[in-house]
Amino acid sequence: MKRAIGLLVTLFLWASLAQANTSSFVVEDIRLEGLQRVSPGIVFRNFPITAGDQVDSLVLADASRKLFESGYFDDIELLRDDSVLILQLQERPSVSLIRLDGNKVLESDALLDGLKQTGLQEGDVFKRSTLEQIKQDIVRVYSSQGRYGANVETDVETLPGNRVALNINIKEGQVATIQHINIVGNSVYTDEELTDLFSLKLPNFWSFFKKDDRYARQKLSADIERLRSYYLDSGYVNFSIDSTQVSITPDKKHVYITVNVTEGEKYTVRDVDIAGEMVVPEVELKKVIRVEKGQTFSRRLITESQEALSNKIGDVGYMFANVSPAPELHDDNTVTVKFFLDPGKRTYVRRIAIRGNTRTADDVIRQHLKQMEAAVASNELIEQSKLRLEKTGYFKAVSVETIPVPGSTDLVDVQYSVEEQQSGSFSASLGFSQTSGIILGFQLQQDNFLGTGKKVGIGISNSDTLTEYSYSFVDPYYTVDGVSRGFNLYYRERDFDEDNTSAFSTDEIGGGVNFGYPIDDYQRLNFGLNVEQVTINTNSSETPDEINQYLLDEGNDYFNMNFTGSWSSNHLNRGYFPTKGYSQSASLEVSIPGSDLSYYKALYNAKWYRPLTEDRNWVLSMKGRLGYGGELGDNEYPFYKHFYAGGLKTVRGYEQNTLGPRDTNDDPFGGDVLITGGVELIFPMPFVKDKSSWRTLFFVDAGNVFDTSCSSVALSGNCEDGVKLDELRYSAGIGLSWLTPIGPLSVALATQLNDKAGDDTEVFQFALGQTF
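To convert a position in the sequence shown, counted from 1, into my numbering, add 457.
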C-alpha cells in the first residue's frame, strides 16, 4: 500500500514539473497561492529553494517532496511564470472540533490530554495517519486496564472553511475477570501463600465491592514485584521470575495468569562490613545498620540500612553521599554484605525558600526551622524543621525538597512547600448547644492570628450556662530561643445548674500571666500566676446541703492567687489529626499563701498513635486522663473546682458532666478524682478524595469521677469515699471530625455498655471547636 502511494506521489510530482518546464532556470522570486491558515514562514522553512537559486526538474522534485512531507498540504502544484516560481497549495483541513462519545471509565479531559500528547488537538492540521495511531493508543489504554473488548471508531465530518470535526466513538467493554492464577516452579512456599501476596484475586464474595478480580497490567506488574521482594527478603538471593504469561479467552472476558519462577537456595548473612571514607565514627554508623550476622538475607533490610547510612552521613552535611551495598555470595549459602561509603563534599545551604503560604508570614515559618541558611546542610535538621511546621497546626500539609544548586557540587537550596488550613475559629453567631441551649456571641480564637504565629482569643458570649467576656494572648516566640509569654483577662458568670450539675452559679473576674520555656524540640515547661475574685451565688430552695454547708464554713466570696505549672512532651507528627507519635502533659494548680482558699489540683494527659498501614490511613490510638485535687491547710477543697466527666471530651454516650457523685438533690456534683481513657481505631473517610480535613473513627471510652471526702458532708447516699474501679462507665461508637472553614466540628454516635439506673445518656453528641 505504501509503495503504491509513493508511486502516485512521484508521478504527480513529475507531472507538475512537466508543467513547470523541465529546463534549468534561475528563480528570481517565489509566489505562494492557496494559503489560508498556514503561514508563509512554514512553507519557506520546509521548501529548500530561495530566490537566486538555479533549479531544474530534479531539484524541484526534491523540494516538492520535502514540502509535502511537512504534512500541511494535500496537494502541491509547481508553475513557472518566466523566472517566477509559483506554488499552488491545497492545505489539509484543520481539526475544528473533537467529540468523544461512550467513554465513562476514562474522563474526557484525560483522553483529550492524551490525544494532545499524541499530536492531535483542536486547531491542528488533520492527518489520517495520526488518527489511526490515536485509535490504536486508546484501545491500548483500555487494554492495560483489562478491557480487551474495547473498540474505537472514528468519523471525519467535513465542515465549511476547510475544517473537519472528529467524532470518536468508544465502546469501553467489560473488564476481563481473572479465572486462574498459576505459579510454576515454587516448592518452598505453597501456591496459596504466594497468591495471597497478590492484589489481583480470583472472584470472591468481596470482589463486587473491591473489584480485585479485574485484570490490570499495572496491578500485575506490582504483584510480580511484590512476589520478587517476598523471596529476596526471605533469603533467596538467586530468585528469578523466568516468564509471565497472560492468556485471554476468545470472548475477551476472562484472563488466565501463569508465573514461572526459579527459587534458588536460601542464604544467611556471614558478615557485615563498612568500607570507604568514615566522616562519621564507624561505631555510630554500625548502630544504624539493620543487617546483622546470622540473619536470613533480606534485600529490604539492606535497602533500609543503605538509607539509614545515607541519612546518618547527611546529618553531618554530606547530602550527596553515595552508599553502595555489595553482597558477596559464598558456596556455603552465606552472604558477606559490605557497604562502600563515598561521602563526597560537605554541603551547605545557600537559600531556604517558603512556598504556598498566603496568610502566614515567612518569618513566622522560619522561627520553627532548625536548619539555617549558610550553615552545613543536615538531613536531621531539615526533617526536624518539617515536623515542627506540621505540629503548629497552621498547615494541612508540609513537604520539603532539597535542590542542588546548578554549577555547584557543595550547595543546595531547601524549599518548604506548605498548604495552609484553618487554625482557629471566628464567628458571630446565634446557635444552639445540647448542654448550653441558645447561644449568642462573638468568638475569635486564632492560633495564627493574621499570619503572625501569635495566639489571640477574644470572646463575648451569652448562653444558658455562661456569660463571658475574655481576652487572651500568647506570643510563642517572645524571645528568639523560643520562650513564650502570654496573659489573659476574663469576666464570667457561670450557671452550673444549667450545665447538668448542682444548683449554684459563680461570678468570676480575674487575669494572669504565663511564660513557657523549651527544654528541647519536644518538651516544654510553663509557669503562670493568676489572680481571681470569685463569688458563689445560690438559691436556698434548690441549693444542695453540701454547698450550703461549704458556704457556711468558707463564706461565698474568695480572693485567690494561684500558681500554675505544667510540663508537656509532644512527639506527635501533626497539630491536627495526628497519625503517629505520642504526647503527654502534667499540670499543677496551687493556691498561694494569702489566698482565701488553700487547695491544689493536678492533671495528667496522655495520647498515643500508631499507624497500622504504610499510608497511615488506618491508625490505632489510645488516650488517658488522670486528675486529683485536695485541700491545703484547714480549708476544704472548693467544690466549684471539682472534676467532671461525661460528654465528647471524656466519655462519649453520657451527657456532659453527669458522671460521678451526686448531691442531695440528685444533681451531678463532680469529685476530686478523675479517671478517663479510650481506644480509637481511625479509618479513612469513605467517598472523600482529600482526607486531610476529615477524621473518622470507632471508639471505646471508659471513665468516671470519684470523691475521696464524701463523708465530710452529710450526703443522701449518692457518693462513696474513694476510687471504685467497678464504677467506671464504658461506651462504644463511631465519631467524625471535620475541619470546617469556621473551626473543627465533631459528632459522635455512641451506645452505653454498662450504664446504670440514674445515668444520663445520649446517643448523639456534637460540638463546634474541638476535634477527637
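Read the hints as simulated data drawn from the structure, not as lab findings.
Possibly wrong hints are sitting among the right ones.
What the hints assert, rightly or not - In silico DSS-like pairs for lysine-lysine, Cα to Cα no more than 27 Å straight-line:
id: 1; residue 1: 1080; residue 2: 1213
id: 2; residue 1: 709; residue 2: 827
id: 3; residue 1: 584; residue 2: 523
id: 4; residue 1: 561; residue 2: 709
id: 5; residue 1: 523; residue 2: 561
id: 6; residue 1: 667; residue 2: 628
id: 7; residue 1: 592; residue 2: 628
id: 8; residue 1: 592; residue 2: 658
id: 9; residue 1: 710; residue 2: 667
id: 10; residue 1: 743; residue 2: 592
id: 11; residue 1: 743; residue 2: 709
id: 12; residue 1: 668; residue 2: 853
Cross-check of the supplied hints:
Only pairs whose Cα atoms come within 27 Å are accepted, and residue 1080 paired with residue 1213 is accepted, the gap being roughly 24 Å. Simply put, residue 709 and residue 827 have alpha-carbon atoms about 59 Å apart, too far for the 27 Å limit, and the pair is violated. Restraint check for residue 584 and residue 523: the C-alpha separation of about 17 Å stays at or below 27 Å, so the hint holds. Distance check on the hinted pair: residue 561 and residue 709 sit about 19 Å apart at the alpha-carbon level, within 27 Å; holds.
The straight-line distance between the Cα atoms of residue 523 and residue 561 is roughly 42 Å, outside the 27 Å bound, and the hint therefore fails. Restraint check for residue 667 and residue 628: satisfied, since their Cα atoms lie roughly 24 Å apart, inside the 27 Å limit. Taking the CA atoms of residue 592 and residue 628, the gap is near 12 Å; set against the 27 Å cutoff, the hint holds. Restraint check: the Cα-Cα separation between residue 592 and residue 658 comes to about 31 Å, which exceeds 27 Å; the hinted pair is violated.
At most 27 Å may separate the alpha-carbon atoms for a hinted pair to count; residue 710 and residue 667 meet this at roughly 18 Å. Proposed proximity of residue 743 and residue 592 is contradicted: the alpha carbons are some 57 Å apart, above 27 Å. Restraint check for residue 743 and residue 709: the C-alpha separation of about 55 Å exceeds 27 Å, so the hint is violated. Restraint check: the Cα-Cα separation between residue 668 and residue 853 comes to about 31 Å, which exceeds 27 Å; the hinted pair is violated.
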